[in-house]
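Let the sequences and hints guide you as you build the complete structure.
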Amino acid sequence: SVTLIHQHPACVAAHHCNQVETESVGDVTYTTHRDCCLGDLCNSAVASHVAPACIMAAAATALAWVLLGLRSG
Numbered sequence: 001s002v003t004l005i006h007q008h009p010a011c012v013a014a015h016h017c018n019q020v021e022t023e024s025v026g027d028v029t030y031t032t033h034r035d036c037c038l039g040d041l042c043n044s045a046v047a048s049h050v051a052p053a054c055i056m057a058a059a060a061t062a063l064a065w066v067l068l069g070l071r072s073g
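So for the sequence shown, full-length UniProt numbering puts the first residue at 1; every next one is plus one.
Hint data in this document are derived by calculation from the structure and do not stem from the laboratory. We treat Cβ as the ideally placed atom computed from N, Cα and C, and that holds for glycine. Please note that the accuracy of each hint is not assured.
Computed beta-carbon distance windows for the label pairs [unchecked claim]:
1. Ala14 - Ala60: 40 to 48 Å
2. Arg71 - Ala14: 53 to 61 Å
3. Leu67 - Cys11: 43 to 51 Å
Given below as structure tokens:
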């Protein structure tokens, strides 16, 4: 059994909130949990942690690349 967690801020119809759906494709079974929250843009909090981590990783990679270029040049 493999569990994949995919979170994204999105709008869903109210009747899909707090529901679990299961779908099989070949030998793989996908289970989707739709948990909803109340409030303006409340689902966007999930994605807010991704952007800073990506920016930090890109900055560290760029810094390492520049330092290696200065060292060899």
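Against the structure, the hints come out as follows:
1. Ala14 - Ala60: 40 to 48 Å: The hinted range 40 to 48 Å holds for Ala14 and Ala60, with Cβ atoms some 42 Å apart.
2. Arg71 - Ala14: 53 to 61 Å: holds, 58 Å
3. Leu67 - Cys11: 43 to 51 Å: holds, 44 Å
Hint compliance for this structure: every hint is met.
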